[in-house]
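Engineer: Protein chains in written order, with my numbering: chain H, 1 to 110; chain Y, 1001 to 1112.
Source of the hints: derived by calculation from the structure; they are not laboratory data. Among the clues, some could well be false.
[To be verified] The calculated label-pair distances, taken between Cβ atoms and stated as ranges, are:
(1) 1018/Y x 39/H: 27 to 35 Å
(2) 1041/Y x 20/H: 19 to 27 Å
(3) 1039/Y x 13/H: 18 to 26 Å
(4) 59/H x 1016/Y: 49 to 57 Å
(5) 1040/Y x 27/H: 20 to 28 Å
(6) 1083/Y x 16/H: 42 to 50 Å
(7) 1077/Y x 13/H: 36 to 44 Å
(8) 1073/Y x 14/H: 27 to 35 Å
(9) 1065/Y x 28/H: 27 to 35 Å
(10) 1009/Y x 44/H: 16 to 24 Å
[As the list claims (entries may be wrong)] Beyond 10 Å from chain H on every Cβ pair, some chain Y residues (computed):
(11) 1015
(12) 1019
(13) 1041
(14) 1053
(15) 1069
(16) 1079
[As the list claims (entries may be wrong)] Coverage of chain H stretches by chain Y, computed from C-beta distances (three or more under 8 Å per stretch; other residues unrestricted):
(17) 31-45
(18) 96-107
Think of the CB as a built atom: it goes at the ideal place given N, C-alpha and C, for glycine as much as any other residue.
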Amino acid sequence: GQQVMQIPQYQHVQEGEDFTTYCNSSTTLSNIQWYKQRPGGHPVFLIQLVKSGEVKKQKRLTFQFGEAKKNSSLHITATQTTDVGTYFCVGNSGTYKYIFGTGTRLKVLA
Amino acid sequence: DAGITQSPRHKVTETGTPVTLRCHQTENHRYMYWYRQDPGHGLRLIHYSYGVKDTDKGEVSDGYSVSRSKTEDFLLTLESATSSQTSVYFCAILGQGPGELFFGEGSRLTVL
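The following block holds chain H by itself, in its conformation from the complex:
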């Protein structure tokens, strides 16, 4: 079945440093979503990517969908303490079954 892996599993950065998490699917995806979960909270939708090679930005966050639609990345520029949490990608193969990646837990040191 479909598997979505994320690396790294954990990342500690100093405040102000950049951060990137990568998402890789075993199958070609129709679209991919990204979510953020704060400690003790529930996942919150950030964005959806649909097109091959698509790049979208939200302030300091840059999301990219690979040309083959099997991988994606989330890059945060100049991290802040408010960026702390776990970031999940969610791969979708054109069905309504949304499979979460394994997540990357980000810790930002002030």
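Add chain Y to chain H, keeping to what the hints say.
Structural biologist: Showing chain Y alone in chain H's frame:
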């Protein structure tokens, strides 16, 4: 806020007892989901529903059953709870935006 409430929010039970978690939504969304979250495993899809009485299995459906007799309620049942089912359970609905899942606050289940 997508009007999702989960109940109970916390439950402690013993191995072998039945447990039902309820997800209630107020906005008439068609698709509803149950996920479990465990350390090191992210969120794993248990079951989902695409309408009243229409459900399908997810990644980790063994030991779980679901029912949806009304649009607004999606029930997750553990017929005979085991310690491996100790987890945080999240309900989600698929909103109007593309691919946007809205999650409930979660139900923390401990099976002793």
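Engineer: Decide, hint by hint, whether the structure agrees.
Structural biologist: Going down the list of hints, with the structure as the test:
In this structure, residue 1018/Y and residue 39/H meet the distance hint of 27 to 35 Å, their C-beta atoms being roughly 31 Å apart. The hint said 19 to 27 Å for the Cβ distance between residue 1041/Y and residue 20/H, and at roughly 22 Å that hint holds. Roughly 21 Å separates the CB atoms of residue 1039/Y and residue 13/H, a value that falls within the hinted 18 to 26 Å. For the hinted restraint 49 to 57 Å between residue 59/H and residue 1016/Y, the CB-CB distance of approximately 50 Å keeps it satisfied.
Between residue 1040/Y and residue 27/H the CB atoms are about 23 Å apart, so this pair conforms to the stated range of 20 to 28 Å. Checking the proposed 42 to 50 Å range against residue 1083/Y and residue 16/H shows it holds: the Cβ atoms sit about 43 Å from each other. One distance hint, 36 to 44 Å for the beta-carbon pair residue 1077/Y and residue 13/H, holds here, with the actual separation near 42 Å. Remark: the range hint 27 to 35 Å for residue 1073/Y to residue 14/H is contradicted by a beta-carbon distance near 47 Å.
At roughly 32 Å, the beta-carbon separation of residue 1065/Y and residue 28/H lies within the given 27 to 35 Å, and the hint holds. Between residue 1009/Y and residue 44/H the C-beta distance comes to about 18 Å, which sits within the given range of 16 to 24 Å. With a least beta-carbon separation of about 27 Å from chain H, residue 1015/Y lies farther than 10 Å from that chain, consistent with its non-interface assignment. With a least CB separation of 20 Å from chain H, residue 1019/Y remains clear of the 10 Å interface cut-off, as annotated.
Its closest Cβ contact with chain H, about 7 Å, brings residue 1041/Y to no more than 10 Å, contrary to its assignment away from the interface. Every beta carbon of chain H lies more than 10 Å from that of residue 1053/Y, the smallest distance being close to 16 Å; the non-interface claim holds. Here residue 1069/Y stays apart from chain H, with its beta-carbon at least about 20 Å from theirs, past the 10 Å limit. For residue 1079/Y, the requirement that its beta carbon stay farther than 10 Å from each beta carbon of chain H is met, with the minimum near 23 Å.
Counting residues of the stretch 31-45 of chain H whose beta carbon lies closer than 8 Å to any beta carbon of chain Y gives 7, which reaches the threshold of three, so the coverage claim holds. Three residues within the 8 Å Cβ limit are the bar, and the stretch 96-107 of chain H against chain Y gives 8, so the coverage statement holds.
Hint compliance for this structure: hints 8 and 13 are broken, all remaining hints hold.
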